[in-house]
Amino acid sequence: MAELKEGRPPAEEEEEEARASGGEGGLPGRALAAELLEGPGVPSWIRALSVPVLAIVTALALGALLIVFTDPTSRAAWAGFFVDPLHTLKVSGIAVRDSYEALFTGALGSPTGIFNAIRSGDLHEIALSLNPLSETVVAATPLIFAGLAVALGFRAGLFNIGAEGQLNAGAIAAALVGFSFTGLPGPLHLVLIALAGFLGGALWGAVPGYLKARTGAHEVITTIMMNYISYYLVDFVLLTTLFQRPDRTDPISKPVTAFFPHLLGSDLRLNAGILLALAMAVVVAWLLNRTTIGFEFKAVGANPDAARTAGMSPARTFVTAMALSGALAGLGGAVQLASISPSLTPGFSSGYGFDAIALALLGKSKPSGVVAAAFLLGALRAGARSMQAATSTPIDIVTVIEALVIVFVAAPAVIRGIYRIKAQRGAGVQVLTKGWGG
Amino acid sequence: MTAVASDVVPAGASRRAAAVGVFFLIVAAMIVFVFGLGVPSDASSTFVLNPVQGGAIHIPNLTLPSRASALAIGALCAVLAAVQLVRGFGRRTNLVLGVVVTLFVVAFLTWAAHDKSFNLVGMLQSTLLLAVPITFGALSGVLCERSAVINVGIEGMLLAGAFVGTVIASVAGGASGAHILGGTPGEWLGLLAGAAVGALLAGLLAVLSIRYLVDQIIAGVAINIIALGLTSYLSIAFLEQNNALNAPGIFRDVKIPGLAQLPVVGPVLFDQNLFVYLMLVLVALAYVGLFHTRWGLRVRAVGEHPRAADTVGIRVLATRYRNVILGGIVAGIGGAFFTLGSVGRFDENMTAGRGFIGLAAMIFGRWNPIGAFLAALVFGFADALSTKLSILSVPIDSNFLLMAPYLVTIAVVAGVVRKARPPAADGKPYVKE
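Just so you know, the protein sequences line up as chains U and A, in that order.
Per this note's numbering, the first sequence starts with residue 1, numbered consecutively.
Per this note's numbering, the second sequence starts with residue 1, numbered consecutively.
Keep in mind that the hints were calculated from the coordinates and are not lab data.
Incorrect hints may have been included.
[To be verified] Just a sample of chain A residues kept apart from chain U, beta carbon distances all over 12 Å, derived: (1) A68; (2) A78; (3) V83; (4) R87; (5) T102; (6) S126; (7) S176; (8) A219; (9) A222; (10) L234; (11) Q241; (12) V264; (13) S342; (14) A360; (15) S398; (16) F400.
[Claimed, not checked] Here are the simulated distance ranges between beta carbons: (17) U:R248 with A:I396: 45 to 55 Å; (18) A:G38 with U:T241: 21 to 31 Å; (19) A:G38 with U:A302: 27 to 37 Å.
[What the hints assert, rightly or not] Short, incomplete list of chain U residues facing chain A, as computed with Cβ under 7 Å: (20) W78; (21) F236; (22) I252.
The beta carbon of each residue, even a glycine, is placed where N, CA and C say it ideally should be.
Next comes chain U alone, as it looks inside the complex:
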C-alpha cells in the first residue's frame, strides 16, 4: 500500500493544481477507466472528478435497468426473451434510449432545434428553442441555495437535513413582506423580500444550532422534526386571513408583488434569481476561505475539541453556522417566491432538503462543486418533467438516481472497486458527521 499516503487533509484547496502539466498516461492491461484516470500525467482535477462522474454514470446505468424493468413495452418483450433475445434487448434499448433522450432534450433542448431557430432569426423561435436550458437554470436556482446551505453545515461538522424547513420558514417571512408592502420601488421591495427570507431561514436554522450547542440534541433529528413542523406551519398560515388569498378557499397565499427581472425576455422563465444564487456561492466561498468565521467553521468541523483548545467556541459556531445555513435556504425560498411561484402553497419546498444533501456530497461541500452539481440535478429535474410527459417513465426515477449518486459518492471505494481505480493520495475516510453526542 505504498501509494496510499494518509495524512494530507482531504482536498481542501480549490482547483489550483487544475492546470498542472498534461501528458499521456496509460498502463496496459487494465480497465479502460483505470487506464484513463491513473496515468502519471493525468491532471489532479480529472482524478478528483473521476469518482463523482463515474458515480453519475453508474447511477444512470442502474436507472436504465429500472426503466427496462418498468417500461410496459420492454417488460412485454422480456416475456419472449428465450424466443428472441435480440428483439428483447432491442426493445429494452429503445425504451431506455427514448426515456433518456426525452430526459436530455428536456434538460438541454434539441441541438438541431436551437440551430434552426437561430438560423431563422426569429427571436420568439430562439427563445422557445432555448426554453429547456432556461428551465434547467430555473430548476437549479433553489437547488444552489439549498445545496450551499447543507455544504456550509458540512464544513462546520453539522449535518443540516432541515434545508427544507428553513426554506419554508424563509418563504413564509418573504411572502408576508412580499404581499403586504405595496407601493415600494421594485428593487427596494425585492431587497426586503430577500432579507425577510434570509432572516426567516436564519431563525429556523438557529434553533437546531442552539439546541445542539446547549443540550447536545443531534441536529439530524431536530432539523427533520423542524421540517415537519414547518409543513404544518405553512398549512396553518395559509388559512389565516393575513395570508390567504381573499378569493380562494384552498390554502394559497396572496401573491408577492415584486419580481426578479427576466434575463432573456418574457418568453423564458430565466430570471435574475440565478445571479443572486451564483453571488451567494461566491460569498460562501469567500466566507469559508478568507474570513475568521469560515476558518472557525472549518476548525470546529474538523475537530471541535481541538478548536475549543485553541480558544474557539464550538457552541457559538454551531449556532452561527446553522443560522447562516438556514439563512441560505430561506433566501432560496424568497427567491423562488419572487421569481417563479409568487404564491406560497403547501408543498412549496417538497424535496429540496434531500436534494441539497446530494448536492453537498456531490460537490464535496465546496461552493463551486455545489453549483456544478445543482446545474446537473436541475437538468435532471427539468428533463424528467418532459420525460414523464413523453414516455411512461415516472419522474421519481431522478430521486432514485440521486440516491445512488449519494451512495457512490459517499462510498468512493465502491466506485473504485467497480472501475478498478486506485485511491487518490489523501483520499482517506472523510468524516462528515459525528455520533449522537457530538
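Chain A: place on chain U using the hints.
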C-alpha cells in the same frame, strides 16, 4: 453527572432546580386559569371506559366535574411547585417532572372533554396502535446501535417494508383465505417479505458502513432516499394503474381468550392485531436478549469497546453485520404494519417521519428496549391525542395538534440526550489492526 446531596448544591444545579420549580408553577397556573376557570362551573367531563364496539362487561362511564377536577389537579401541581422551590426533590426531580406533565395532560383532557364524552379506551387503543411502527423503528435502532452502527435509515426501511408488504400480500391472495392468527396466508407472506426487504436494506447499510467505512449517517440518509425514490417510482409505475397490486388486506384483531374480557385493560392490550402482540413480544425478547444472555453481553461489548471485544475473541464485524440485519428485519416488519396492520393500502411516503420519531424514542429510552417502548407510547399518545382532539372540536388549530409529536420529539431529544449515553463506540467503524 453525579447525584448531589441537597446541602451542597452547586450553582448550576440550584438554578436548574429553581427553573423546574418555576415551570411547575406555570403549569399549575395554566391548569387553574385555563383548564379550571375556562369552563362553565357546572360542566362535567365524561370519560367512556368501554371500547367503541364490543366489550364483554359494560363499565359505567367516569363522569367528573370539569372545573373542580382541574382546580384540584392545579392545586396539587402548585404544592409540588412549592416543595420544589423550597426544598427540591433532589434526584427524584425527573420523576416529579413526569408526574407534573402527566397531571397536565389529565387536566387538559378534562378541559377538552367538558360537556362532551371522551372515549378513554379508544384513545389508549389507538395510542398502542400508533406506537407500533415507532416501537419497531426504535427497536431496530437499539439493535443496530448496541453494536455501534448508527441506523438513520429506519425511515427508509419502514417505507420499503410497507411497500413490499402490500405488493407481496396482494399478489399472494390478499384478504382471501383462512385466517391464521388473524392473517391470511397472503398477508403472512407480505409480512415476511417486508421483513426480507428490511433485511436487504440493512444489509446495504451494513456493507456500506462496515466494509466500505462510509459515514453511517450519510449511508442511512441515502437508504432513506433510495427507499423513498424507489417506492414512489414503482408505486406510480405499477400500483396506480393496477389497484389489485395494492389491496393487501389487513391482519384482523385477535382476542386473547379470558384476558380480553378484563375491563379497560382487556380491550386495550388483549384485543389487538398480530403486530401489537409481536411488538410486545419483541420488546421483551430484545430486553432479555441484550441484558441477560451471552449474545447480548457480546453485542454490548462490541458496541462499547470493540477492541477489547476483539481481544477476547468476539467477532466484531460479524456481530455488527448480524445485528444490523436483525434491526432491518424488525424495521421491515414495522413497515409492513403500515399497510398490513393499519391502512390496508400503500401511499407515497406514508411513513411520514415515523422512523425518525423511532430514533428519538430510542434516544429517549436510552438505548434500552423497554425504555424505547415506553417512549414510543408517549409519541403514540401524542399522535392519538392530536387526532382525537380534532374530533372533540377543541379550539386549537388542527395544524398545531399535528405538530405536537414533532415538538415532543425535539423536546425529548433536547431535554434527555444530554443525560443519555449512547454506546461508547456508536458510529465509529472498527478496523482491525
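Results for each hint:
1. Distance check for A:A68 against chain U: the nearest CB is about 34 Å away, which clears 12 Å, and the non-interface claim stands.
2. Remark: the non-interface label on A:A78 is consistent with the geometry, its nearest Cβ contact in chain U lying 28 Å away (cut-off 12 Å).
3. Every CB of chain U is more than 12 Å from the CB of A:V83 (nearest about 26 Å), matching its label as outside the interface.
4. With a least beta-carbon separation of about 26 Å from chain U, A:R87 lies farther than 12 Å from that chain, consistent with its non-interface assignment.
5. With a least CB separation of 23 Å from chain U, A:T102 remains clear of the 12 Å interface cut-off, as annotated.
6. With a least beta-carbon separation of about 20 Å from chain U, A:S126 lies farther than 12 Å from that chain, consistent with its non-interface assignment.
7. Its beta-carbon lying about 26 Å from the closest one in chain U, A:S176 satisfies the requirement of being farther than 12 Å from that chain.
8. Not every Cβ of chain U is farther than 12 Å from the Cβ of A:A219; the closest lies at roughly 7 Å, contradicting the non-interface assignment.
9. At roughly 4 Å, the least C-beta separation between A:A222 and chain U is not larger than 12 Å, which violates its mark as non-interface.
10. Listed as a non-interface residue, A:L234 fails to keep its Cβ farther than 12 Å from every Cβ of chain U; the least gap is roughly 7 Å.
11. Separation of A:Q241 from chain U is inadequate, the least Cβ-Cβ distance of about 9 Å not exceeding the 12 Å criterion.
12. The claim that A:V264 is not at the interface with chain U holds, since no C-beta of that chain comes within 12 Å of its own (minimum 32 Å).
13. The Cβ of A:S342 lies farther than 12 Å from every Cβ of chain U, with a closest approach of about 19 Å, so its non-interface assignment holds.
14. Not every CB of chain U lies more than 12 Å from the CB of A:A360, the least distance being 6 Å, so the non-interface label is violated.
15. Against the 12 Å criterion, A:S398 falls within the reach of chain U, whose nearest CB is about 9 Å from its own CB.
16. With a least beta-carbon separation of about 7 Å from chain U, A:F400 fails to lie farther than 12 Å from that chain, contradicting its non-interface assignment.
17. For the pair U:R248 and A:I396, the supplied restraint of 45 to 55 Å is violated, since their beta-carbon distance comes to about 24 Å.
18. For the pair A:G38 and U:T241, the beta carbons lie near 25 Å from each other, so the given range of 21 to 31 Å is met.
19. Under the hint 27 to 37 Å, the C-beta atoms of A:G38 and U:A302, about 54 Å apart, miss the expected range.
20. Hint on U:W78 is violated. Least Cβ distance to chain A is approximately 15 Å, over the 7 Å limit.
21. Here the hint on U:F236 is kept, as its CB sits about 4 Å from the closest CB of chain A, short of 7 Å.
22. Interface hint status for U:I252: violated, as the beta-carbon distance to the closest one in chain A is roughly 15 Å, over 7 Å.
The structure fails to meet hints 8, 9, 10, 11, 14, 15, 16, 17, 19, 20 and 22 from the earlier list, while all remaining hints are met.
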